[in-house]
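Asker: One-letter residues, chain by chain:
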Amino acid sequence: MGRFYWMLLFIASAIATHAAYVLYYPGYNFDSKVEAALGPDSRNTMMLLSPAQVAKLFPAYAVSDIVAMCRYDLSQGPMQITAKLPRGYWTFSIFTVKGRQVYSLTDAQAGENSFAVDLLQAPDLIAQLKGALDEGGEAEAIDNVGWKVETPEARGIAVIWVPVADPIFRSSTLAAVRNSSCTRQKS
Amino acid sequence: MLFAIVAGVAAGWISAVSMIENYGFEAAAGQPQWKERRNATDHPAAPYAFGYFINQGQVPPPLTSRHFVRSTDDEGHQLRNECLYELSGMMPAARRWSMGVAGADGAAATLGAGEAIYEADGSVNIFLSEMPVPGNRLMLPHQGTPLVSLTIHDPQEGDKPLALPGIKRVRC
Numbered sequence: 013m014g015r016f017y018w019m020l021l022f023i024a025s026a027i028a029t030h031a032a033y034v035l036y037y038p039g040y041n042f043d044s045k046v047e048a049a050l051g052p053d054s055r056n057t058m059m060l061l062s063p064a065q066v067a068k069l070f071p072a073y074a075v076s077d078i079v080a081m082c083r084y085d086l087s088q089g090p091m092q093i094t095a096k097l098p099r100g101y102w103t104f105s106i107f108t109v110k111g112r113q114v115y116s117l118t119d120a121q122a123g124e125n126s127f128a129v130d131l132l133q134a135p136d137l138i139a140q141l142k143g144a145l146d147e148g149g150e151a152e153a154i155d156n157v158g159w160k161v162e163t164p165e166a167r168g169i170a171v172i173w174v175p176v177a178d179p180i181f182r183s184s185t186l187a188a189v190r191n192s193s194c195t196r197q198k199s
Numbered sequence: 145m146l147f148a149i150v151a152g153v154a155a156g157w158i159s160a161v162s163m164i165e166n167y168g169f170e171a172a173a174g175q176p177q178w179k180e181r182r183n184a185t186d187h188p189a190a191p192y193a194f195g196y197f198i199n200q201g202q203v204p205p206p207l208t209s210r211h212f213v214r215s216t217d218d219e220g221h222q223l224r225n226e227c228l229y230e231l232s233g234m235m236p237a238a239r240r241w242s243m244g245v246a247g248a249d250g251a252a253a254t255l256g257a258g259e260a261i262y263e264a265d266g267s268v269n270i271f272l273s274e275m276p277v278p279g280n281r282l283m284l285p286h287q288g289t290p291l292v293s294l295t296i297h298d299p300q301e302g303d304k305p306l307a308l309p310g311i312k313r314v315r316c
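Here the protein sequences line up with chains W and A, keeping their order.
For the first sequence, the numbering used here gives the first residue as 13, with consecutive numbering after it.
For the second sequence, the numbering used here gives the first residue as 145, with consecutive numbering after it.
Calculated directly from the structure, the hints in this document are not laboratory data.
Treat the hints with care, as some may be off.
[Claimed, not checked] Over the 12 Å line for every Cβ pair with chain W, so calculated as not near, a few chain A residues:
| hint | residue |
| --- | --- |
| 1 | Gly156 |
| 2 | Ala190 |
| 3 | Asn225 |
| 4 | Ala257 |
| 5 | Glu259 |
| 6 | Ser273 |
| 7 | Arg315 |
| 8 | Cys316 |
[Stated by the list, open to error] Below, simulated SDA-like cross-link-like pairs (lysine to any residue); rule was C-alpha separation at most 20 Å, straight line:
| hint | chain 1 | residue 1 | chain 2 | residue 2 |
| --- | --- | --- | --- | --- |
| 9 | W | Lys45 | A | Ala248 |
| 10 | W | Lys96 | W | Thr185 |
| 11 | W | Lys45 | A | Gln200 |
| 12 | W | Lys45 | A | Gly247 |
| 13 | W | Lys160 | W | Ser87 |
| 14 | W | Lys45 | A | Val161 |
| 15 | W | Lys96 | W | Thr195 |
| 16 | A | Lys179 | A | Tyr192 |
| 17 | W | Lys160 | W | Thr195 |
| 18 | W | Lys96 | W | Asn191 |
| 19 | W | Lys45 | A | Tyr192 |
| 20 | W | Lys45 | A | Gly201 |
| 21 | A | Lys312 | A | Asn199 |
| 22 | W | Lys45 | A | Glu165 |
| 23 | A | Lys179 | A | Val161 |
| 24 | W | Lys198 | W | Arg55 |
| 25 | A | Lys312 | A | Tyr192 |
| 26 | A | Lys304 | A | Thr208 |
| 27 | A | Lys179 | A | Glu165 |
| 28 | W | Lys160 | W | Thr118 |
| 29 | A | Lys304 | A | Glu165 |
| 30 | A | Lys312 | A | Leu291 |
| 31 | A | Lys304 | A | Ala173 |
| 32 | W | Lys45 | A | Asn199 |
| 33 | A | Lys179 | A | His221 |
| 34 | W | Lys45 | A | Pro176 |
| 35 | A | Lys312 | A | Leu228 |
Every residue, glycine too, gets a C-beta built ideally from N, C-alpha and C.
This is chain A alone, in the form it adopts within the complex:
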């Protein structure tokens, strides 16, 4: 009897951890490298989407925003701390956007729309690097796989697919 209970507890715990990690997000339409947090509170995955943040001691992004994460470049390779990457493109029309890069310890380097330097056409180039580089830069963490997050606050297209910037590897 004890074995059945212990095995059941283990199975329940493993399935909960796994679903919190994976089920709260879905691939963004047309840009599968970006995963979007499931926003609807009435979606069956809502507790898992909240749990993803809550279990890390973080406040979930507000429901007026759309939150995306990725840990790979445009070619699908895992982001690496020792490489230089360029995130470039137009940000979706919204009242605000903010980006962050977090590592193993959860501490994040961030960049807000009010701090960024824009190109003449309104697009933005942001370098992801451990070392200083000119222009917009988000510092990659020294440890752990970098996780890039992008939050679009009050987007004009509330529930349609958003065109998001890509991430290219410049050098390693």
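So here's chain W without its partners, still in its complex pose:
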């Protein structure tokens, strides 16, 4: 009986540690590492990344590519991300703070080179129950234009990636991507 009890305690500790390390620790670790790479004032603003920052954060992109990134925090309300990008290949992705990709858009899917995406946190169970009782609320305050994305977590990152087809287009591409924005949604 005693041996069974110790074995049970050992297995429970192992499972709890394993799950915590895989499911919860990465989110805290990732957010702090991104903040260290981008600086403390990088929340809720669209930042054009330097080649060194691209090399540090994005293993899938070349440092010559143009990457803009917004560390969003929806705890104070929805955000809107807008961009007007040059013709050609680009992608727009939204990740949660734990690295799960919840949204993806490419030039081919968008069919045009400008977009506006409203970003809001998916309501939890209590909020869903509350929302069913009183009409209106945050979700309905959002304009019904462009795309609307609900993320399961309040924090994460939105990434615009534009690979430069030819170095001579780099400066014009940079200028276009620089005009992208990540702002709090007006209520």
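Once you have looked at the hints, place chain A on chain W.
Answerer: For chain A alone, coordinates are given in the frame of chain W:
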């Protein structure tokens, strides 16, 4: 009791680190030197595949891409910083590709499809070397085992095996 808890925590931590390192990738079909990141979000290994990047403070490759890594040449020998290697072949049909080589400090030398010089038949030769060489080159890191990554963005063959270039050792 304390011993059982400490041993359990250690076992859980070691198993998590090991699975994040290994379970998030699988050998590419027909080219076992390349390991492909498991892409499906509903795959049981998905948290480990994300964790591999997240724990290094990196953003995982987007799901519209296929991401491969390797640290050995075609003969299965570990890549070495002091050697010269040639990566050659056709890149899979896709909207874009990008390559990188990372070392112990994680900093990577990269090459994108728009920067590369192509052969007349559309193939590409890329030298992996610590020293400058003519043509396409990815600088090998000074420290740590080099890890080569290849990302195929929006491939035409979304879920079929892709023919990837090989890596031959030229000299050491």
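Asker: Tell me the hint numbers this structure goes against, listed in increasing order.
Answerer: Violated hints (numbers, rising): 1, 2, 4, 5, 21, 25, 29, 34; every other hint is consistent with the structure.
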